[in-house]
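K.L.:
Knowing the structure of chain A, use the given hints to seat chain B on it.
Number of protein chains: 2
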Amino acid sequence: LYKSFQEIEEYILNNNIMKTIALAGSHDDDALAAVVNARRKGVVRAILIGDEEKTKQLLTSMGEDLEYYRFIDEKGEAEAAKLACSLVKNKEADMPMKGLMPTATFLRPVLDKIDGFVIPQGLISQATVYQYEKEKRLLIISDCAINIAPVYEDKFKIIQNCVTLARQLGNECPKVAVLAPVEVVNPVMQSTIDAAMLSKAAERGQIKSCIVDGPLALDNAVSAEAAKHKNIRSQVAGCADVLIMPDLCAGNIFTKSLVYFSDGLSSGTITGTTTGVIMTSRSDTAANKYNSILTASIQSI
Amino acid sequence: LYKSFQEIEEYILNNNIMKTIALAGSHDDDALAAVVNARRKGVVRAILIGDEEKTKQLLTSMGEDLEYYRFIDEKGEAEAAKLACSLVKNKEADMPMKGLMPTATFLRPVLDKIDGFVIPQGLISQATVYQYEKEKRLLIISDCAINIAPVYEDKFKIIQNCVTLARQLGNECPKVAVLAPVEVVNPVMQSTIDAAMLSKAAERGQIKSCIVDGPLALDNAVSAEAAKHKNIRSQVAGCADVLIMPDLCAGNIFTKSLVYFSDGLSSGTITGTTTGVIMTSRSDTAANKYNSILTASIQSI
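Residue numbers (my numbering), protein chains in the order written: chain A, 467 to 767; chain B, 467 to 767.
So here's chain A without its partners, still in its complex pose (with noise of 0.2 Å):
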């Protein structure tokens, strides 16, 4: 069970797990200055697609020697993408990367239906994992970036996808957190309905290898104080593990607000298939993005 990205880099380092990105859009500062930060660091190695000598110019731009990385001459945009998947089906290449494209275009052959990636519950979902420094271990958040407004349907395939994510991250049994604003049923707030549904699913054996409660609001979800103050009685409130957000308008502001006005480390990830798949934003920070790497090549064990 990993409590930190530390831990994550050192079980990395030390078992000489070393992945393979195929960065599909090399020609892209900001992502190739990804992937040579974690180079360095001695966690990847990767294969750079997109327009070869601009992916050259900017490596040595930054002082990095080109003999690390093997490079495959790709200017078209849906090409590339599509050759990253390839990489990874193939297995010369252990996860694809995001670089310069649009995220649609990135994403259209790992979801496509016959040469696409395995997606086992049909659905893929972005989560965060957040290190939670007063406790000292991982929190999984999810979804902050792909799914607008799941419905039970989706909610309970992200359920899924988490504690997949949750099992290659150590936790054999995650305590699953269902969110809404509050921690009673409420027919009028539709949180709080999808949440008592998802928590008899799982206690019925439908949601199998984790506890699953809800609904909970956000304190009651991860401070055993809080869940004292309103006597509740469960197995999830106050250590939860994963936290299942109501929609992406939530997912998206909790995650934001983690990273602006929290001083924790977080990274951000793809659920749902059964490969890493990075895809790190330009606004994300050096070590935000250095985790997403890291994150992703657990999951692709």
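Please note that the accuracy of each hint is not assured.
Just so you know, same-sequence chains aren't split out, so a pair can sit in one copy or run between any two.
Unchecked claim - Think about it this way: if two alpha-carbon atoms lie no more than 20 Å apart in a straight line, the pair counts; the simulated SDA-like pairs of lysine to any residue are:
no.: 1; residue 1: LYS696; residue 2: SER749
no.: 2; residue 1: LYS600; residue 2: TYR726
no.: 3; residue 1: LYS600; residue 2: ASP729
no.: 4; residue 1: LYS602; residue 2: GLU691
no.: 5; residue 1: LYS600; residue 2: GLY730
no.: 6; residue 1: LYS600; residue 2: SER728
no.: 7; residue 1: LYS674; residue 2: THR630
no.: 8; residue 1: LYS696; residue 2: ALA570
no.: 9; residue 1: LYS694; residue 2: ASP531
no.: 10; residue 1: LYS602; residue 2: SER728
no.: 11; residue 1: LYS694; residue 2: ASP496
no.: 12; residue 1: LYS666; residue 2: ASP496
no.: 13; residue 1: LYS696; residue 2: PRO568
no.: 14; residue 1: LYS602; residue 2: ASP729
no.: 15; residue 1: LYS696; residue 2: ALA752
no.: 16; residue 1: LYS694; residue 2: ARG748
no.: 17; residue 1: LYS641; residue 2: ARG670
no.: 18; residue 1: LYS641; residue 2: SER470
no.: 19; residue 1: LYS696; residue 2: ASP496
no.: 20; residue 1: LYS555; residue 2: VAL617
no.: 21; residue 1: LYS696; residue 2: THR751
no.: 22; residue 1: LYS541; residue 2: CYS705
no.: 23; residue 1: LYS600; residue 2: ILE673
no.: 24; residue 1: LYS696; residue 2: MET567
no.: 25; residue 1: LYS694; residue 2: SER747
no.: 26; residue 1: LYS469; residue 2: MET663
Honestly, the hints are just simulated from the structure, not real lab data.
P.N.:
Just chain B now, kept in the frame of chain A:
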């Protein structure tokens, strides 16, 4: 312009602005402790309405002298709430405060169409005032506790309520960010539709005494660097004073994340009434409760 709760406290103490709380349901250790704390700091007086004997016992057990208070023996919850409101309407007190009773019981006389408080916009809303340490200023966040799924018209009023609060806190023309998960207009995301409408309405002079912009994601609303990364040209992006939440799920989780994952001070308050109204929650910290009393005092001047 107050930049911290300490500045509000100093203003109240230096200008002898000691407001009188009418505590409804005073035989409540938790609310009473908050009143005693504020009384000892010299920022309020209080009239204690409830079970007089129990209230006096509680005060004595806190080592508090009874002579500082006026007592009204009223054991009925609805009656105590009504009495607290009457005292404020008669100018014998300045702001009602919720003690031992359900929120609905406490708010009923406040919202009463005939005998209740003046509610200029016809809607009350909750606001969290957050002391943003990094930038040494106060942020207003709304609504995190009352309006479940505010539609355009509700958000319009929530903005007006926040503008009033911002002015009470010394900000004559607050910058209001209407939040969504993204900063672009997307017809499948209602939060971005509302935000576009509200920005334009403000531009046309329909919302006064403020600058409104949205949709903005949380990062581009509060971080100038994030706004720059996205090439957003806006008078609000990166320097928002007021953050309007898409709905209660987002507002509630965001405000709780500030309490549990950041170390900043905050207060919760009611906006939309012409006087302060204090409703602290048992799970609030002592500092939060004190700051709520300070905020309500400033709203009652």
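K.L.:
Each hint should be assessed against the structure and marked as holding or not.
P.N.:
Checked hints:
1. LYS696 <-> SER749: This pair counts as between: shortest inter-copy Cα distance 8 Å, intra-copy 38 Å.
2. LYS600 <-> TYR726: Answer is both; intra-copy 17 Å and inter-copy 9 Å each pass.
3. LYS600 <-> ASP729: So LYS600 and ASP729 pass the 20 Å test inside a copy (11 Å) and across (11 Å) alike.
4. LYS602 <-> GLU691: within (17 Å within a copy, 29 Å between copies)
5. LYS600 <-> GLY730: Both, since 9 Å and 15 Å are each at most 20 Å.
6. LYS600 <-> SER728: both (11 Å within a copy, 10 Å between copies)
7. LYS674 <-> THR630: So LYS674 and THR630 pass the 20 Å test inside one copy only (10 Å; across, 50 Å).
8. LYS696 <-> ALA570: between (44 Å within a copy, 18 Å between copies)
9. LYS694 <-> ASP531: Answer is neither; intra-copy 56 Å and inter-copy 31 Å both fail.
10. LYS602 <-> SER728: both (15 Å within a copy, 15 Å between copies)
11. LYS694 <-> ASP496: Result: close only across copies, 15 Å inter versus 45 Å intra.
12. LYS666 <-> ASP496: For LYS666 and ASP496, neither the intra-copy (44 Å) nor the inter-copy (34 Å) Cα distance is at most 20 Å.
13. LYS696 <-> PRO568: Intra 45 Å, inter 14 Å, cutoff 20 Å: inter-copy only.
14. LYS602 <-> ASP729: both (13 Å within a copy, 17 Å between copies)
15. LYS696 <-> ALA752: between (39 Å within a copy, 17 Å between copies)
16. LYS694 <-> ARG748: between (41 Å within a copy, 11 Å between copies)
17. LYS641 <-> ARG670: within (16 Å within a copy, 49 Å between copies)
18. LYS641 <-> SER470: Within one copy only: 18 Å inside a chain, 38 Å across chains, cut-off 20 Å.
19. LYS696 <-> ASP496: between (46 Å within a copy, 14 Å between copies)
20. LYS555 <-> VAL617: Result: close neither inside a copy nor across copies, 31 Å intra and 46 Å inter.
21. LYS696 <-> THR751: Between copies, since 14 Å is at most 20 Å while 37 Å is not.
22. LYS541 <-> CYS705: neither (48 Å within a copy, 39 Å between copies)
23. LYS600 <-> ILE673: Classified as neither: same-chain Cα gap 29 Å, cross-chain 42 Å, threshold 20 Å.
24. LYS696 <-> MET567: between (48 Å within a copy, 15 Å between copies)
25. LYS694 <-> SER747: Close across copies (14 Å), not inside one copy (39 Å); limit 20 Å.
26. LYS469 <-> MET663: neither (30 Å within a copy, 44 Å between copies)
Consistency note: the structure conflicts with the earlier hints numbered 9, 12, 20, 22, 23, 26.
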